[in-house]
Amino acid sequence: MRHHALWLLCTLGAAFSNLSTAHADRSFDVAMARPTMDAYGLQVVDRAQTPQQFEFGMTANIGWARAPLRLTLNDVNLNRAEAPFSVIEHQVTLDLGFYLGLWDFLSLSALVPVGVNVYDQNAIGDPSVTVLPAGSATMGSTMPTGMYAGQPRQNVAISNVGVRDPRLAVKARFYGGKYFEIGTLLELTVPIGDQSSFFGEANVTFRPKLLLGALLGRLHILGSFGAVIRQGSELYEPSPTTAQAASPPLRFATGHELTWGGALSVRLHRLIGLGLESVGTIPVSGDMVSPTASALGSLYILPTDKLRFSISGGGGLLVDNPRNAAGRVMFGMAYSLLPRAGGLL
Amino acid sequence: MKKSLLLGLFCLGLPSWVLAQEVPLPARRGTSALDPTYDVLLPDPEPVEATASKSEGDKSSPATDIDIADRVLSAAKQVTTVQEAPSIVTVIRSDEIQARGYRNISQVLENIPGWLSSSNGGSLLAMPMVRGTAQAALLLRDGVSLFEPVTNVGTYNRSLPLETIKSIEVVTGPGGVLWGANSFLGIVNLISKDADDINGLEVSAGYGDGPGSPQDFRAYALFGKSFRFKKGPKLSIVQHVSYETYLGSRYNVLSTLSRNSAPSPVGPHIYSTFADTNPERSFIVNIDGKISYGPVTLSYSMPFALMNTSLSFANSPTSGRWDTATNAPAGEPVRNHLQSFDRFVTLQYKGRFLKDRLGLDVKSYAIEFIRDLDAVLLPGSARNPSGTTFNTEIRSYRLGLTIDGDATLPLRNRLLWGGDLFYDWVPEPTVRFPLSDPKDLPISCPLQQSGLTTPVFQPQCPVPFLFATNRLVTALYVSDTFRPVSSLTLDAGVRLQGGFGKAEYNGGNIGGNGVLLGSASLVWNFYRDMHLKANYASGFRPPVFNNTDSNGAAVQFSGSHQLSNETSQAFQGEWNAKLLRNIGPIRALQLRVDYAYTDLRGLIVISNGSYTNRRTDVSSVARGSEVNSHRTIHSVESAARMYVGDHTLSANYTFLHITTNDRGLLRSMPQHSFNLGWVLSVIPGWLDTNGTLQVVGSYDDPNRYRSLSLADGSTIANASDLTFDKLPPQAILNLGVRARFFRNRLWTSLNFYNVLNQRYYSPDPFYDLAPTLEVTPTPAPGWSAFFQVGGKPF
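So the protein sequences, as listed, match chains A and B.
Per the numbering used here, the first sequence starts with residue 1, numbered consecutively.
Per the numbering used here, the second sequence starts with residue 1001, numbered consecutively.
In case anyone wonders, no lab produced these hints; they're calculated from the structure.
Quick caveat: nothing in here was measured; it's all calculated off a predicted structure.
Warning: the hint list may mix true and false statements.
Simulated DEER-style distance windows between Cβ atoms [claimed, not checked]:
# : chain 1 : residue 1 : chain 2 : residue 2 : range
1 : B       : H1657     : A       : G313      : 44 to 50 Å
2 : A       : G313      : B       : I1683     : 27 to 33 Å
3 : B       : F1571     : A       : V319      : 54 to 60 Å
Stretch-level coverage of chain B by chain A, calculated; a stretch enters the list once three of its residues show a Cβ under 8 Å from a Cβ in chain A [to be verified]:
# : segment
4 : 1584–1597
5 : 1694–1707
6 : 1721–1728
Sample of chain A residues with no beta-carbon within 12 Å of chain B, all distances over it, derived [what the hints assert, rightly or not]:
#  : residue
7  : L100
8  : G176
9  : K178
10 : R218
11 : P249
12 : L258
13 : R267
14 : A295
Just so you know, even glycine gets a beta-carbon here, dropped at the ideal spot from N, CA and C.
Make a model of the complete structure from these sequences and hints.
Structure, rendered in structure tokens:
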């Protein structure tokens, strides 16, 4: 109804609708700059420091990303020639987290993320488009387009709002000295997220990380190295040409990945700190997979020892790849009822 | 939620030096609420000021308010705690209702593990579900059943003024022995505030807007005062008046052009275009109160309302009359409602005798149930400009008497006993079609005059909606609580209930119209503040008058007097604990995990155009499953609540797995759902923020899809165009802020509901695989906001 030009062209493709693939898998979480699991981490880079025993804290983060999922797809408006699409034009995320220190060296944390996606409707399509009767025919038909093509008929369109996969984590600090710290974060995501709307993974993912930190007074240098172990997801061309119909091309996939992160933070004043953070992934399995890298500059405001606000801005470093948002802004809040000496930075 | 579970499991294994840091609990063994010396029938034993003072920063004994919040006053017909009650009980108190910004009872219920909100008939009626089953809970006000006997439509809507409620006690699972019929899978007991709870005048006014609840104004005044005379008992007066006016939620949905409505056989469903809803403005006036003089209390509620909603049956929009000149809806507001409110008067006597060893609670009541229906069948369209509507006034009545007693017996026994005697009846309501020519209607309309060659029908086609009927119910119950040792409580009870009259009970296990129910439970305080519960509970739901006496020749499915009672039984286990008492900033962590196996039999379904206990369609017969409908439910319900400093955080998780003997796995219910809730004190006693994140997993909804189109753009969903719509997970986020001034004498709040504006859909409780009534997903409201100012001038 809303995209008449597209639908008229779609009628030409009606005859090919049965050629579409059922592989328009949408089980990808494309929020690649994920907030840290507790108040001791920076915006997106976790720190080895753990909360002290029975320290309870909360985090809240709001993020905005421009074009966090860009893919090359066939454009039905251009006779199914390949064209770049920002499948998700904008994404807003909200992450609410809680953590509790069990011992001085071990903590539990949970984070519930939700998201709002603004899609490119030309890429997404519509579950039911009316094709009016042609010529002397008394009856026309309806047909699905875009991501809905070739799938069981639905009345429900892709959701603009959805829950993403909740994150559960255990953090352990192996060593925490005056100048150096080392720890690990073992994170699990639960596949409750909306897999049909680019909000959730296909299954449970396991994301272990090794966390390192060099503490040079007001200057902290942090690093993390880890992996994402997941069931792969594959998105095939939803609108293949006649020649591609027998074997639609794979447009995007995810598999196991290595993860990295690095950060530099400096506390300029009791109330203010600055930081540079960067995170990324390197794929190790699957076809049509690609690395990601994001960089953020952060301003931390610490009105009290218990409270930290942060504002970060940046974007993807590999902008031609999927999942590298062109621009990103994040607002964070971290609160601890019983913080360690020195506060939350 | 997972975190909470992990916490719970982990804390079980904490070393003894950690547990040794816990402070002793105020309520120790021997002074338990289950102790036989406890006063059962007295009102709330805790002064309200105790709770209030805690919220203002008095931390001299910080555990007290937590323990008060756990107290169960009447859901178990005895004073106990949620940890020790013989059933699965959740208590929501008035301070939590206010702090969390709840505006109606459905919002309260959906934050309880095992409960979900839903709606049916478009948005005509709110339909909360317990363990994935609709119309399965018994709604009580101060212990008086408000079960509506014609349609079993409860008043889970705005007509219940939450500011008058002291606490809501919710039992998850059957409660038939204590509460009788219709406590099928749950009990929702609303306990109203006493004069001492209010002690002055409270006033408030607010306004809200947003597509979820447009142009909403609400104001109330609540007065409560006790007067003590030199001689004679105390006189207490509570009076409440509220007024609300609002528009129904805004939707843009497919407009129905033509369909085969009940009880017609399944046929094509034809749609025109998408249309905006435009319901007529609604209002609700509540006048209620109670007067107590010594042991006698007179309570009354006299609401008046016009409660229009936006969507009607088959999700038809209230788009109104079609203007053929502009070829668009004329824009006139449309009346579309299923009124759901109750008027009642109750007279209660409460007393204790024999040095408090014997208690007596007698209630007599008269109730009028208003369920007037005035709804859109087909919105106006180019082919049917006026549209098709129908209306009927469904008024039913109840007169009754309930007696509850308790007696303290030797050998650490306490006996609860009592009975019910009430009479329900409904006069014959007539359905009319004000906008339709009777000769165009697909039903047999009465003739104006017989003997004419061309039939002349009576205007508006008045036909009976259902036939007048009645039922007399009598019941007796007895339940004993035995504490052989202080850490162990055993509980067992039986109830005998009979239904007589035109709509008498059928299929009962005592003489056909008599029902014998039993229950048993064990509660073991096995370690410090940890309890284990094992519980067997049963219940039943007799067919409502609309099942037994509906007029199948009009717009209804055929009723039948052969219908049997639906029965429920559940085997339930619970582990609950209070951990981390006063450790660091943590005041307490409460955990609860329940598992229940629930078995429902003889569920009334629609088959071949009539109500029946067994599905007799072709597929059922072919599979040899032509037996009474049978549903089994495996459920895990867990809850965690943490009090940290002045903050409160809660999390709930529910797992649900339902199978039916005739439909297999019930795919239209989410298997996973969880809630996070918080009240964070920004400035203690002055400013707090609150929030709720409700996450409901994905589920399927059997519907039809539109497969054909016509030249005018209308589309057709044939009876064979079936699909399972994959309904996405829901993330409903509510946020609010509240400020209080002058020691709580003045407050203001601003709450946002469904902040992310998720356009989600309601679960389909009836799981109709050949959809007739609901053929598209039922949309839920978008975002809304409400600003409120209140005060207590004296």
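Here's how the hints hold up against the structure:
1. B/H1657 to A/G313: 44 to 50 Å: The hinted range 44 to 50 Å holds for B/H1657 and A/G313, with Cβ atoms some 46 Å apart.
2. A/G313 to B/I1683: 27 to 33 Å: holds (31 Å)
3. B/F1571 to A/V319: 54 to 60 Å: Hint holds: Cβ distance 58 Å, inside 54 to 60 Å.
4. 1584–1597: Satisfied; 3 residues make the cut.
5. 1694–1707: holds (count 7)
6. 1721–1728: holds (count 7)
7. L100: violated (7 Å)
8. G176: Holds, since 20 Å exceeds 12 Å.
9. K178: holds (25 Å)
10. R218: holds (28 Å)
11. P249: Holds, since 25 Å exceeds 12 Å.
12. L258: Holds, because the least Cβ-Cβ distance between A/L258 and chain B comes to about 26 Å, which exceeds 12 Å.
13. R267: Answer for A/R267: holds, closest chain B Cβ roughly 25 Å.
14. A295: holds (28 Å)
Violated hints amount to a single one, hint 7; each of the other numbered hints is respected by the structure.
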